[in-house]
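Q: Sequence:
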Amino acid sequence: MHVTLRDQVRPEDVELVRQIVASTGFFSPSEVEVAVELVQECLARGPGSGYFFIFAESAGRLVGYACYGPIACTVGSYDLYWIAVHQAHQGHGLGRRLLEEAEQRMARAGGRRVYVETSGRPLYEPTREFYRRCGYSVEAVLADFYAPGDPKVVYCKILHPPTNAGG
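Residue numbers (our numbering): 0 to 166.
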């Protein structure tokens with residue numbers, strides 16, 4: 000699958016992000032709306048929103064995206080807020096490509112660490128395994144965070160400064 004990446008947020012991305020996140024089957028309608036709100040906030044405020052996006056397109060269609068941003072009151076810490084690939088396009092390495100691109104952009108911006116939060120429910124085991132395979136380690140588990148029996152698992156990865164290939 001040939002994929003191109005872009006970082007410019009477009010008005011049509013609001014509905015397309017809604018479709019992608021909903022297609023995964025992992026998120027409640029209110030969680031889908033949170034994903035959409037970040038796109039709307041970025042459209043309204045641009046870089047001042049603190050939300051940065053990478054969109055993956057294949058054959059002219061949006062098939063996945065990542066959203067990240069610096070964590071306020073920290074030096075070089077970033078959150079990966081969302082990473083989602085449309086259900087029909089999963090299993091082709093697109094999630095890893097989006098994650099690696101986001102990590103590179105965070106590192107170029109002075110990022111030292113990236114944090115990711117996800118659910119500890121069994122449904123999310125493939126998500127947690129994805130982060131482990133990509134070099135993330137568990138930093139914290141907050142019991143009953145989202146709901147009774149649904150802990151928040153916080154992962155972290157240390158970012159490495161970009162190398163200067165030009166010498």
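Incorrect hints may appear among the rest.
[Stated by the list, open to error] Restraint ranges, calculated between C-beta atoms of paired labels, are given here:
1. 70 with 0: 17 to 23 Å
2. 142 with 109: 19 to 25 Å
3. 0 with 74: 25 to 31 Å
4. 132 with 43: 34 to 40 Å
5. 124 with 155: 15 to 21 Å
6. 91 with 140: 14 to 20 Å
7. 99 with 7: 15 to 21 Å
For the record, the hints were derived by calculation from the structure and aren't laboratory data. Backbone N, C-alpha and C fix where the C-beta goes; we use that ideal spot for every residue, glycine too.
Q: Assuming the hint says 14 to 20 Å, is it satisfied by the Cβ distance from residue 91 to residue 140 or not?
A: violated (30 Å)
Q: Should the hint that residue 70 and residue 0 are 17 to 23 Å apart at their CB atoms be regarded as holding?
A: Distance hint for residue 70, residue 0 is violated at roughly 33 Å.
Q: At the C-beta level, are residue 0 and residue 74 separated by a distance inside 25 to 31 Å?
A: With Cβ atoms ~38 Å apart, the hint is violated.
Q: In this structure, is the beta-carbon distance linking residue 124 and residue 155 contained in 15 to 21 Å?
A: The hinted range 15 to 21 Å holds for residue 124 and residue 155, with Cβ atoms some 19 Å apart.
Q: Does the hinted range 19 to 25 Å hold for residue 142 and residue 109 at CB?
A: violated (33 Å)
Q: Could you see if the CB distance from residue 132 to residue 43 stays within 34 to 40 Å?
A: holds (35 Å)
Q: So the hint says 15 to 21 Å: do the beta-carbon atoms of residue 99 and residue 7 match that?
A: holds (20 Å)
Checked against the numbered hints above, the structure violates hints 1, 2, 3 and 6; every other hint is satisfied.
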